[in-house]
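Those protein sequence lines, which keep their order, are chains A and B.
Terminal number for the first sequence in this note's numbering: 108, no gaps in between.
Terminal number for the second sequence in this note's numbering: 224, no gaps in between.
If you are wondering where the hints come from, they were derived from the structure by calculation, not from laboratory data.
In this text, a Cβ means the ideal position worked out from N, Cα and C, and glycines have one as well.
It is possible that part of the hints are untrue.
Unchecked claim - Below, a list of computed lysine-lysine pairs in the BS3-like style, where the Cα atoms sit at most 30 Å apart:
id, chain 1, residue 1, chain 2, residue 2
1, A, Lys32, B, Lys186
2, A, Lys32, B, Lys143
3, B, Lys143, B, Lys180
4, B, Lys186, A, Lys69
5, B, Lys186, A, Lys74
6, A, Lys32, A, Lys69
7, A, Lys69, B, Lys143
8, A, Lys32, A, Lys74
9, B, Lys143, B, Lys186
Unchecked claim - Looking from chain B toward chain A, a few residues come up when the C-beta cut is under 7 Å (computed):
id, residue
10, Cys151
11, Tyr165
12, Lys166
13, Lys169
14, His174
15, Tyr177
16, Leu202
Said to hold, decoys possible - Pair by pair, the computed Cβ-Cβ distance ranges are:
id, chain 1, residue 1, chain 2, residue 2, range
17, A, Ala76, B, Lys143, 34 to 40 Å
18, A, Lys74, B, Ala160, 32 to 38 Å
19, B, Glu163, A, Gly84, 20 to 26 Å
20, B, Ala138, A, Asp49, 18 to 24 Å
21, A, Cys38, B, Phe161, 27 to 33 Å
22, B, Asp204, A, Ser46, 38 to 44 Å
23, B, Ala219, A, Gly80, 29 to 35 Å
24, A, Ala102, B, Gly156, 31 to 37 Å
25, B, Gly153, A, Ser101, 15 to 21 Å
26, A, Thr86, B, Ala139, 42 to 48 Å
27, B, Leu155, A, Gln83, 20 to 26 Å
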Amino acid sequence: MKTIAVSLAAALVFSTGVSSAADLAAGQAKVKEICQACHGMDGNSSNADYPRLGGQYPDYMAKALRDYKSGARKNAIMLGFAQGLTRQDIDNVAAYYASQSAVLVTRH
Amino acid sequence: MIKAVTFLGAAAFTLAGHAGAQSAVPAGDAAAGAKRTQMCVGCHGILGWRTAFPEVYKVPKLGGQHEAYIVKALQEYKSGERTHPSMRAIAASLSDREMADLAAYYSAPAATTASK
Numbered sequence: 001m002k003t004i005a006v007s008l009a010a011a012l013v014f015s016t017g018v019s020s021a022a023d024l025a026a027g028q029a030k031v032k033e034i035c036q037a038c039h040g041m042d043g044n045s046s047n048a049d050y051p052r053l054g055g056q057y058p059d060y061m062a063k064a065l066r067d068y069k070s071g072a073r074k075n076a077i078m079l080g081f082a083q084g085l086t087r088q089d090i091d092n093v094a095a096y097y098a099s100q101s102a103v104l105v106t107r108h
Numbered sequence: 109m110i111k112a113v114t115f116l117g118a119a120a121f122t123l124a125g126h127a128g129a130q131s132a133v134p135a136g137d138a139a140a141g142a143k144r145t146q147m148c149v150g151c152h153g154i155l156g157w158r159t160a161f162p163e164v165y166k167v168p169k170l171g172g173q174h175e176a177y178i179v180k181a182l183q184e185y186k187s188g189e190r191t192h193p194s195m196r197a198i199a200a201s202l203s204d205r206e207m208a209d210l211a212a213y214y215s216a217p218a219a220t221t222a223s224k
């Protein structure tokens with residue numbers, strides 16, 4: 001029974017692709033330090049070179065950051081910033097921008 | 109007189125060339141884009157929809173994104189610079205005009221669509 005519970009917990013964590021311990025306050029601090037100059041504190045950037053991030057899914061943003069960091073997704077600017085982020089930082093900033101929900105929506 | 113006409117002609121050509129260079133990406137038609145979402149809605153039109161391959165994560169929300177960024181993403185999938193297999197195949201089938209129309213449709217401000 002204990003094994004099942006552990007497996008379920010692991011499945012939940014892995015299925016979201018984002019650490020369950022994302023820290024919004026830490027994410028906000030990191031965004032203020034690094035991301036907001038281009039993407040804005042609320043993720044509503046005014047320059048089309050920089051995608052809007054407010055309300056975007058956190059697991060998508062975390063994957064994008066991991067791919068920038070590894071070089072799988074090529075962008076000279078984002079490579080530099082992503083390399084300075086730990087896996088926990090990535091989950092935190094992704095959770096923070098996801099919480100800024102007024103910007104992006106699902107459109108049919 | 110002939111010189112003046114030639115000069116005007118050259119000036120017009122220069123202006124046209126300049127305008128052409130600025131609008132290398134055609135201006136998008138949101139209404140036309142709305143009719144071309146058949147290949148998009150199966151994933152991007154469903155709240156919380158997840159990719160199944162090669163990695164599992166929720167497909168990005170597009171409503172309210174920058175128009176130019178959407179075009180750039182599609183072009184990067186088409187060229188292979190961005191590598192998601194489904195998006196590469198779909199983007200490869202789109203013309204510059206279709207990309208511009210889809211981007212115009214999806215980039216309309218978030219407030220015009222209800223679902224978050």
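Hint by hint, where does the structure go against what was stated? Just the numbers, ascending. Result: hints 1, 2, 7, 10, 16, 18, 22, 24, 27 break, sorted rising.
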